[in-house]
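Go by the hints and put chain V with the ligands onto chain G.
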Amino acid sequence: MDYSEKVMDHFANPRNCRMMEDANGVGTVGNPTCGDLMTIYIKVNEDEVIEDISFQTFGCGAAIATSSMITEIAVGKTLEEALKISRNDVAEELDGLPPIKMHCSNLAADGLQAAIENYYENNQ
Amino acid sequence: MYLDNSATTQVSEEVFKEMEPYFIEEYGNPSTLYGIGRESKKALTLARERVAKAINAKPDEIIFTSGGSESDNLAIKGIAFKLSKKGKHIITTNIEHPAVKNTLGFLESLDFKVTYLPVNEEGIISVEELKEAITDETILITIMHANNELGTIQPIEEIGKIAREKGIKFHTDAVQSFGKIEVDVEKLNVDLLSLSSHKINGPKGVGALYIKKGTRVVPLIHGGGQEKGIRSGTENVPGIVGFGKACELAAERLDEHYEKLSSIRDELIDKVLTTIPESYLNGSKETRLPNLVNFRFKAIEGESLILLLDAKGYQASTGSACSSNTLEASPVLTALGLDPVDVHGSLRISLAPESDAFDVDEFVNTIAEAVGRLRQMSPLWNQELDYDGVMCKKDHDDCRRC
Ligand SMILES: Cc1ncc(COP(=O)(O)O)c(C=O)c1O
Ligand code: FES
Numbered sequence: 034m035d036y037s038e039k040v041m042d043h044f045a046n047p048r049n050c051r052m053m054e055d056a057n058g059v060g061t062v063g064n065p066t067c068g069d070l071m072t073i074y075i076k077v078n079e080d081e082v083i084e085d086i087s088f089q090t091f092g093c094g095a096a097i098a099t100s101s102m103i104t105e106i107a108v109g110k111t112l113e114e115a116l117k118i119s120r121n122d123v124a125e126e127l128d129g130l131p132p133i134k135m136h137c138s139n140l141a142a143d144g145l146q147a148a149i150e151n152y153y154e155n156n157q
Numbered sequence: 035m036y037l038d039n040s041a042t043t044q045v046s047e048e049v050f051k052e053m054e055p056y057f058i059e060e061y062g063n064p065s066t067l068y069g070i071g072r073e074s075k076k077a078l079t080l081a082r083e084r085v086a087k088a089i090n091a092k093p094d095e096i097i098f099t100s101g102g103s104e105s106d107n108l109a110i111k112g113i114a115f116k117l118s119k120k121g122k123h124i125i126t127t128n129i130e131h132p133a134v135k136n137t138l139g140f141l142e143s144l145d146f147k148v149t150y151l152p153v154n155e156e157g158i159i160s161v162e163e164l165k166e167a168i169t170d171e172t173i174l175i176t177i178m179h180a181n182n183e184l185g186t187i188q189p190i191e192e193i194g195k196i197a198r199e200k201g202i203k204f205h206t207d208a209v210q211s212f213g214k215i216e217v218d219v220e221k222l223n224v225d226l227l228s229l230s231s232h233k234i235n236g237p238k239g240v241g242a243l244y245i246k247k248g249t250r251v252v253p254l255i256h257g258g259g260q261e262k263g264i265r266s267g268t269e270n271v272p273g274i275v276g277f278g279k280a281c282e283l284a285a286e287r288l289d290e291h292y293e294k295l296s297s298i299r300d301e302l303i304d305k306v307l308t309t310i311p312e313s314y315l316n317g318s319k320e321t322r323l324p325n326l327v328n329f330r331f332k333a334i335e336g337e338s339l340i341l342l343l344d345a346k347g348y349q350a351s352t353g354s355a356c357s358s359n360t361l362e363a364s365p366v367l368t369a370l371g372l373d374p375v376d377v378h379g380s381l382r383i384s385l386a387p388e389s390d391a392f393d394v395d396e397f398v399n400t401i402a403e404a405v406g407r408l409r410q411m412s413p414l415w416n417q418e419l420d421y422d423g424v425m426c427k428k429d430h431d432d433c434r435r436c
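First to last, the protein sequences are chains G and V.
Counting in the working numbering, the first sequence runs from 34 upward without gaps.
Counting in the working numbering, the second sequence runs from 35 upward without gaps.
The hints are simulated quantities; they were obtained by calculation from the structure and are not laboratory data.
Just to be clear, a hint being listed does not mean it is correct.
[To be verified] SDA-like cross-link-like pairs, simulated, lysine to any residue; straight-line CA separation at most 20 Å:
(1) 332(V) x 66(G)
(2) 110(G) x 59(G)
(3) 135(V) x 254(V)
(4) 346(V) x 46(G)
(5) 332(V) x 52(G)
(6) 246(V) x 79(V)
(7) 346(V) x 41(G)
(8) 221(V) x 192(V)
(9) 51(V) x 73(V)
(10) 346(V) x 42(G)
(11) 39(G) x 346(V)
(12) 39(G) x 345(V)
(13) 75(V) x 259(V)
(14) 332(V) x 64(G)
Since we're looking at a predicted model, the values are computed, not measured.
Next comes chain G alone, as it looks inside the complex (with noise of 0.2 Å):
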């Protein structure tokens, strides 16, 4: 696989890589049968920021990389912001992906809108 430095740098030093015991947002996206499986925990606070986000994936180099990127870009930001991060934002801000990878920036995409999602079914 061509991976830019940047994939290979996430995929290697992953970011925010864990579980959340008191994550108030739990998503989960992929199918392991295909190869993949995302698990996204964020913690939100009053302001609706988000606080703390980690993740947990199986899946190729790629699926690490855009989860583990998806964390950076997401913290610090509010859900509204947060749910416009799109699945083109994850692959740019990692040089790009080969086209047969593209899928795993849409599933950290979709992984973190599960998410917040999640969180408002808790919240509302």
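Chain V with the ligands in isolation, oriented as in the chain G frame:
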């Protein structure tokens, strides 16, 4: 350290030396009569003798081709087209190399019928099922000798006996087994057998098809009538010379290499399975090539494992979809009946005979570390996660339809 020798190998020094004169000095066309052409012709004859000797065949039973893929194509289409009036049924397995599998797929589009025999969890077919699959229409059985992903070996001798009794042509793809275990066309009872040079420290783009005397095939490439009209085109003289030398060396060193490789292999299997929790061997432990092992590790994905190992200087490969260009998980591993999730966590290691400096302990520790690291990241490891609820979105554009 290069651990992907079932993908391809390095050309050995001796082979390279043998080839060298045939580029600039001895560039003659073997079909011509003057001196320089005669030299090329002599070289071809010697190479043919060497290949034949290595598999206990006669020189005129060897047809040089562009490699394993062409040999498979020539054997299968060549017999199918030759015998289509007699019948249109072919028997194979569900773990064949794409060179066989896709050739058969093509024949299906021309109204041939193909039976794909399943393998058991060891990766081996049942001879009983083979017998039952034979019909009056069956013209060809094509079953690989050793599998390129698993390293497991099929009971070719026995299958050959059955085929011969029934008067059915029998082809085997011996690309992976040749040079690793004994390949003797007489003992194996085969009519056709494919070989490839680049898996045995020979050059790429050359191979051979053994065609037993009296067996007729329709050629794929028509032209000037080289290779007894079965494979036209001016011969790849340097390649064939290198292949011949590689065959000679492989045959000479077979026993020595077998001893050496199988002892490293057994140590590797033993240490991986005892050191790494939830690690498994794919395919039979006993009935396998001396140089090839395939493991799987629970809750991790193969491509990321390959990347971590590569960073530590080990080049191996995987059967995971995520490292392939098609995003399709290995059909061979899937054929073993494994949980599709587990298929993704596989690692194929194939050793070279010159793996002397290979430190098994160090390698196993590196794998253990990488697997441990990926498991720490994995939501599938040690967690009661209900991922059944995470449904694949088959109607999405980005669905990979696995
Ligand atoms: C079992 C098997 N058959 C056929 C081939 C194709 O051989 P070649 O690369 O020489 O076309 C390979 C190697 O890729 C193989 O492993
Ligand atoms: S993503 Fe695997 S079937 Fe849809």
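Restraint status (C-alpha distance of residue 51(V) to residue 73(V) at most 20 Å): Holds - the C-alpha atoms of residue 73(V) and residue 51(V) are around 17 Å apart, at most 20 Å.
Straight-line alpha-carbon gap residue 39(G) to residue 345(V), limit 20 Å: 15 Å, holds
Hint check: residue 346(V) vs residue 46(G), CA-CA at most 20 Å. Holds or violated? 15 Å, holds
Tell me if the straight-line CA distance from residue 39(G) to residue 346(V) falls inside 20 Å. 19 Å, holds
Starting from residue 332(V), check that the Cα of residue 52(G) is at most 20 Å away, please. 19 Å, holds
Distance restraint between residue 332(V) and residue 64(G), which requires alpha-carbon spacing of 20 Å or less: Since the Cα atoms of residue 332(V) and residue 64(G) sit roughly 15 Å apart, the hinted pair holds (cutoff 20 Å).
Can you confirm whether the C-alpha distance between residue 135(V) and residue 254(V) stays at or below 20 Å? 17 Å, holds
Hint check: residue 246(V) vs residue 79(V), CA-CA at most 20 Å. Holds or violated? OK: residue 246(V) and residue 79(V) at ~18 Å, within 20 Å.
Agreement of residue 346(V) and residue 42(G) with the hint, judged by alpha carbon distance not exceeding 20 Å: 15 Å, holds
Is residue 346(V) close enough to residue 41(G), meaning Cα to Cα at most 20 Å? Given that 20 Å is the threshold and the Cα spacing comes to 14 Å, the pair holds.
Within 20 Å, alpha carbon to alpha carbon, are residue 110(G) and residue 59(G)? Distance of about 16 Å is within 20 Å: holds.
Straight-line Cα separation of residue 332(V) and residue 66(G) no greater than 20 Å? Cα-Cα ~13 Å, so holds.
Taken one by one, the earlier hints all hold for this structure without exception.
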